[in-house]
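Student: Okay, here's what each chain looks like letter by letter:
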Amino acid sequence: MRQGGKVNCPSTKFLRGFKAGLAELRGVVEVWFRNYFRYPAWIIADVVTTPAWLILFIVPILMFLPREQWQDPGVLNTMFWAMVLWDVVSSGIWSFGMAIRREQQTGTLEALFVTNASRAILFSGGLCVRTVTMFMGILYMFAFFTAIFKVELMLFNPLGVLASLVTGLVAALGFGLIYGSLVLRFKNIGPLNNVVQFILLGICGVFVPVTSLPSPLRLISYTLPFTYVADLVRHYALGAESLLPLMLEWATLLTQTAAMLILGLSMLKQVEHQMKYTGGLGSY
Amino acid sequence: MKRLVKYPVLASLIGVIIKEMKIMSRYIGTLVIVISLPYMLSGFFIGVGYTVGGEAANRNFYMNTGVESPLLYLTLGGTLMMASMFLIENASGIIREEQLIGTFELHYLTPNNTILLWFFHAIASSLLFLGVFAANASLVIAVAGSLLNPYEWLLVFAIVLLGILPLAGLGLVVAALTVRFKEVWAVANIVSSFIAMLSGFYYPLEVFPRAVQLIAQVVPTSHASELLKKIVSGMPGQPPLAERLTLMAALALGYLALGKVFYSRWEDEARRKGELSKY
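Protein sequence lines, in the order shown, are assigned to chains A and B.
Position in the first sequence (first residue = 1) + 2 = the working numbering.
Position in the second sequence (first residue = 1) + 379 = the working numbering.
The hints are simulated quantities; they were obtained by calculation from the structure and are not laboratory data.
The beta-carbon is built from N, C-alpha and C at its ideal position, and this holds for glycine as well.
Wrong hints could be hidden among the right ones.
Below are the SDA-like pairs computed for lysine to any residue, each with C-alpha atoms no more than 25 Å apart in a straight line [said to hold, decoys possible]:
id	chain 1	residue 1	chain 2	residue 2
1	A	152	B	592
2	B	609	B	595
3	A	152	B	589
4	A	152	B	436
Derived coverage of chain B by chain A (criterion: at least 3 residues anywhere in the stretch with Cβ under 8 Å from a Cβ of chain A; other residues may be distant) [what the hints assert, rightly or not]:
id	stretch
5	441-451
6	565-578
Please put together the full structure from these sequences, using the hints given.
Tutor: Printed below as a string of structure tokens:
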């Protein structure tokens, strides 16, 4: 859709650079939100099933504690924030990876690839929807959580938590770009989403601090930005001690997030180029 | 297959099973996930549980569940949960899926009873999960250092079938009620998540208030889950088996009858209004 491309889209024909990107983003977000609101039953299902999932994922963990500790605010709050972080970590996988797959299945992927719009923006619309639904989800999860487990939510530094979650979503975008390029390359990797998601949840210390992991795994954890996102959320929400001095931890998180974005963008570009060269872009 | 024409119902059943197996073999990745997800979830719960429970984690688990091996308890629960979710989703989405791939009308051109045909799809899924359950149970039982005798295996299979097959009836109710709104899977998701919550796959139902425990009594998988864990883990204090099996059989008949009533009503109305092929 940028000027210079051989396309006939009058709405963005005279745009270039940042403005073109904005126009693309607006179009993509509009499409995703329209799709999202087209299926209201899914929105209702998301809200209605929340208490069931909270119970299904938190109660089994409580089985490892003595009964008198089942209402321990520290443990329950750690679980609550872990459920929120789960959404952040998996957002890149589900929204970005699945966006490419969905376009493949609906037969519109080729149409998108003949435009000169930014591929990163084209497939990141799902993440925008996910961001909105995630913050809405935190609100109703909070309501259900306090009603079911009868425990006060701990939130020492709301701004710190917000900043960590937003940075986590940017990191998820970077991870989504990498994952999306693999989806583009290997086509149907749907079932792998679950596997990757569980590996990330374990290795990034979403439910328990990475310090409790065996040392070889911890080395991998330290290279992933989600580790620091989880740690910072626990620090700001629960007052837990951070892995590194705060400034250093933020610097590490931002550097890794930037690196992941750059890597993701270049991988997507390279895979598309290679697939065009071998003719594999339209075969699946 | 020609010889089976004498027995058309049997021929349909075998045909559906072969079809479903062929489709399943096309999606090996899904099959791998179905088999491995219970282990992944067990590993996840055990990892987090040991971290929060510390040295006393195993003892606490035993005190709370009555089972010594968390791996055994959680993997069996997870396998049953996968089976119940898969079955509800499949049965609920059967009409919509056949419509989407364009084969729905073809079934109505055959002399087969459609309700029976959809039920056969549930049998095919149940058989698949019997295999998955057998594989997962054998492994975790072996790891726990014990074995089941042939009678116990037969009992386990009967309980799994009595636990998960009735859910096909529930799926048909969802299918009949939601096919017009084209969002079957969202409703199936709600049903299956609450069935999972009320079945006590990962915890004893005593964690719930009395009222919720009573509601859970009408969920067949709650009985299956409790019986299987007790039989497989060799826990003392078995619940009265004959009574439970009778109750499960009654629930199975009730659920399937409910599915038949709802589906027949939808089908009759759809035939009358010409909606069978309108979507």
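Student: Quick check: which numbered hints come out false for this structure?
Tutor: none
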